[in-house]
Every structure is written in structure tokens, then in C-alpha cells.
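J.: Taken in sequence, the protein lines are chains A and B.
Each residue of the first sequence is one higher than the last, beginning at 1 in the numbering used here.
Each residue of the second sequence is one higher than the last, beginning at 1 in the numbering used here.
Don't read these hints as lab results, they were simulated from the structure.
Just so you know, not all the hints are guaranteed correct.
Straight-line Cα separation of at most 30 angstroms, DSSO-like style, residue types lysine-lysine; simulated pairs [what the hints assert, rightly or not]: (1) LYS101/B / LYS57/A; (2) LYS66/A / LYS101/B; (3) LYS56/B / LYS113/B; (4) LYS42/A / LYS68/B; (5) LYS42/A / LYS14/A; (6) LYS28/B / LYS57/A; (7) LYS77/B / LYS57/A; (8) LYS56/B / LYS68/B; (9) LYS14/A / LYS56/B; (10) LYS66/A / LYS113/B; (11) LYS42/A / LYS52/B; (12) LYS42/A / LYS56/B; (13) LYS28/B / LYS42/A; (14) LYS57/A / LYS52/B.
Where chain B lies over chain A, by a calculated footprint (3+ residues, C-beta under 8 angstroms) [what the hints assert, rightly or not]: (15) 37 to 47; (16) 107 to 114.
Where is the CB? At the ideal position from N, CA and C, for every residue including glycine.
Residues per chain are reported as follows:
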Amino acid sequence: GALVYQYPRRTICKSGTSMRMECQAVGFQATSVAWYRQSPQKTFELIALSTVNSAIKYEQNFTQEKFPISHPNLSFSSMTVLNAYLEDRGLYLCGARDLQNSDYTFGSGTRLLVI
Amino acid sequence: GDSVTQTEGPVTLSEGTSLTVNCSYETKQYPTLFWYVQYPGEGPQLLFKVPKANEKGSSRGFEATYNKEATSFHLQKASVQESDSAVYYCALSEWGGSGNKLIFGTGTLLSVKP
Numbered sequence: 001g002a003l004v005y006q007y008p009r010r011t012i013c014k015s016g017t018s019m020r021m022e023c024q025a026v027g028f029q030a031t032s033v034a035w036y037r038q039s040p041q042k043t044f045e046l047i048a049l050s051t052v053n054s055a056i057k058y059e060q061n062f063t064q065e066k067f068p069i070s071h072p073n074l075s076f077s078s079m080t081v082l083n084a085y086l087e088d089r090g091l092y093l094c095g096a097r098d099l100q101n102s103d104y105t106f107g108s109g110t111r112l113l114v115i
Numbered sequence: 001g002d003s004v005t006q007t008e009g010p011v012t013l014s015e016g017t018s019l020t021v022n023c024s025y026e027t028k029q030y031p032t033l034f035w036y037v038q039y040p041g042e043g044p045q046l047l048f049k050v051p052k053a054n055e056k057g058s059s060r061g062f063e064a065t066y067n068k069e070a071t072s073f074h075l076q077k078a079s080v081q082e083s084d085s086a087v088y089y090c091a092l093s094e095w096g097g098s099g100n101k102l103i104f105g106t107g108t109l110l111s112v113k114p
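So here's chain B without its partners, still in its complex pose (with noise of 0.2 angstroms):
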């Protein structure tokens, strides 16, 4: 069935500094990509998506490539803030009959040090 891979965390970084999260994917289908950011006590909140291929999607300075050659959407961001620390999900989602389903990473813990 459909999976996703990502780095497994935790990721701790000194603020300033890049990140790259790698995520990986599986599926049969033609699918949209997504990164999910969960801070502590709520739910996940969409970052932002990628429908098609060979397309970068962005927000808040992290980005994202849908590479289908390589199955790969990595998380990036140039220069993380302590305020950037939570927990980021890579997701994709297939359509089946009447509905969507979103098929999450595990999900990888970002520390960023003032």
C-alpha cells in the first residue's frame, strides 16, 4: 500500500542554521504531497502542498520540491527559528470513490536552540 518515509527525529539545530527533513514516498497513484507542522497540544496544521510534479511548493521560508523520478518531497529551510521547533508530517493523499485520504509520515521533531 501507500507510505511515506521521513527523517526520524529528533532533529536539534542552533537557530540560524539550515534544516533539511527527507521525506519519501510510495504509492501507485498520481498523488499531492504535503508538510504538516503540529505544535505541542494542538492538531497538525497544513504548511503547505504540491499537487504536481516537478513543482515547489512554500511558506513561512520552508520549501519543498515534488521529485516523482525520485519519489522524494525533502522539507528545507535556510535559516530555522526557535519559534520553527514542532513536530513537521509528510503526507500524501490518494483519492478513492467519494472522498480523500491523507497518509501521514511518522513524523520528525524539530529543536531549535537560541
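This is chain A alone, in the form it adopts within the complex (with noise of 0.2 angstroms):
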């Protein structure tokens, strides 16, 4: 079946430092990644969707000079949160579809904490 692994599970990272995160799909190939974060009593707000061979699309409000993503092939992508503040402590997930399943398939998110 189509699993996404995101790694690390959890990470600390102290004020003003950078964080990188990875995204690994399994079993389908990863034409399109979304990247979302869910804030602390808040929902899963969406940061970018990056799709193969396409400009990564950021939405409002988050920008590749604070996210940049890297989504070099079909199977794996990568965000980094630079310059991390409070404000950017939450889940981070995962989401990763192909061009046969319009469904994304979800990883288990990477929660960061910021001191």
C-alpha cells in the first residue's frame, strides 16, 4: 500500500536556528507533495504544493525564503524551517499523491518544538 514516512518525529531546535525535515513516499510515486502545518489549537494550514517538474506554489503568508522545499524526485521531498521562532512551533505534515490517486496519502508529521 502507499505509505509516507516523515522523519524526524520530533525535534527541539533553539530560537533563531534552522530545521530540515524529510518526507519519504513508499509503495506509489510522490507527483505531488503538500506541506502543511497545524499550530497549536489551530488546523492544518497548507504552506506549499510542490509537484514534480513544476514551480513549487507557496501559499499566503509563507514564503521559500522561510520554507524552502526541495522535491527532486518521485519519491521524496524536503522543508526546512529557517530562523525558527515561536510562532513556527506546531506539526508539520506530509502529504503525497500521484497522478493515478487523486487522495493524498499523509505521514505522521514532524512536531517541532522551539526554545
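Build the complex: two chains, separate frames, hints provided.
T.: Rendered as C-alpha cells:
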């Protein structure tokens, strides 16, 4: 079946430093990858949508300068939170889908704590 | 912009009682509607989806009808079990360019007591 793994599961970084998180698709081709953030007491906010061979599209309030994303092949994506501050804490979810399946498969997320 | 609004939790029920989680949406397009379930420590899992208006989706005893006129997609289950305790998210998808975007509601925490 289709699975998405995210790592690390939990991480702590000091305020002002950066944190890279990874997303691995297994059992299908991750043609599109969506990165979401779930802040405390909030729902999932879409950060950006990446499709192989297309430009990465960032949502309002999120920028490439702050959340650079790499999607080099059909099984892997990574996102970095640059210069993290308290408001960046939360659960970062990666969802992936292929061209044949319109439904996203989500990983368990990377929980980021900023101290 | 597009949005999804759902019952604010937490919702606490006893086993065997019925569940309704309200979901309303706003969009100018013709979306597909989803219900996702999230268990502790895991990502959201698709419960079911309905791509067309006036159709019903169901899974594991849960069901919802895509009501285009009322712009609603309420989740119902006749008799909940303790294992149904989780967070439930209503969502819609809109197509744009080379991919589709999934917009989630705020989630409803369901706690079922034995």
C-alpha cells in the first residue's frame, strides 16, 4: 500500500536556528507533495504545494525564503524551517499523491518545538 | 477564499449513542468533500470522500451526504464505539493548475466513554 514516512518525528531547535524535515513516499510515486503546518489550537494550514517538474506554489503568509522545499524525485521531499521562532512551533505534515490517485496519503508529521 | 467550518469540540459521548458532526463549506467551485480521521501520534487518514453533489459517502459505519444546496457535509454514525475516539476533519479539495489543494476544517475531537 501507499505509505508516507516523515522524520524526525519530534525535534527541538533553539530560537533563530533552522530545522530540516524529510518526507519519504513508499509504494507509489509522489508526483505532488503538500506541506502543512498545524499550530497549537489550529487546523492544518497549507504551506506549499510541490509538483515534480513544476514550480513550487506557496500559500499566502508562507514564503520560499522561510520554508525552502526540495522535491528532487518521485519518492522524496524535504522542507527546512529557516530562522525558527516560537510562532513556528507545531506539527508539520507531509501529504503526497500520484497522478493516478487523487487522494493524499499523509505522514505522521514532524513536531517542532522551538526554545 | 474557500473555507470549511465544523462543530467545535470536544464532543463526549457514551458508547452506543449517535454522533453528528456538522460541516459547512464555502467555495465558488465544485469541490470534492472529505472526512479525515486522526488518531494520536498519527497523520490524518482518509475516512471517505464524495466527489459529486447529492451523493453519500460511508465507511466504518460513518456516513455523510454532499448537500450542495445547503453547502453541508455532516458526519453521522448511529452507534459510536470507544475505538472511534479521535479527531475528525472535514475537508474540501479544489483543483488549481498542476495539483489539487486540500483545505481542512478546524477538527472535532470525539471522545467516546465505555
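J.: Taking the hints in turn, state whether each one holds.
T.: Status of the hints after comparison with the structure:
1. LYS101/B / LYS57/A: 11 angstroms, holds
2. LYS66/A / LYS101/B: Holds, at roughly 21 angstroms.
3. LYS56/B / LYS113/B: Status holds; Cα separation ~28 angstroms.
4. LYS42/A / LYS68/B: Holds: LYS42/A and LYS68/B sit about 26 angstroms apart, inside 30 angstroms.
5. LYS42/A / LYS14/A: The hint holds at about 23 angstroms.
6. LYS28/B / LYS57/A: 21 angstroms, holds
7. LYS77/B / LYS57/A: 37 angstroms, violated
8. LYS56/B / LYS68/B: 12 angstroms, holds
9. LYS14/A / LYS56/B: Violated - the C-alpha atoms of LYS56/B and LYS14/A are around 48 angstroms apart, more than 30 angstroms.
10. LYS66/A / LYS113/B: 43 angstroms, violated
11. LYS42/A / LYS52/B: Roughly 28 angstroms between the alpha carbons, so the hint for LYS42/A and LYS52/B holds.
12. LYS42/A / LYS56/B: 28 angstroms, holds
13. LYS28/B / LYS42/A: With a Cα-Cα distance of about 24 angstroms, the restraint between LYS28/B and LYS42/A holds, given a limit of 30 angstroms.
14. LYS57/A / LYS52/B: Satisfied, since the Cα-Cα distance of roughly 27 angstroms is no more than 30 angstroms.
15. 37 to 47: Answer holds; 4 residues pass the 8 angstroms Cβ test.
16. 107 to 114: holds (count 3)
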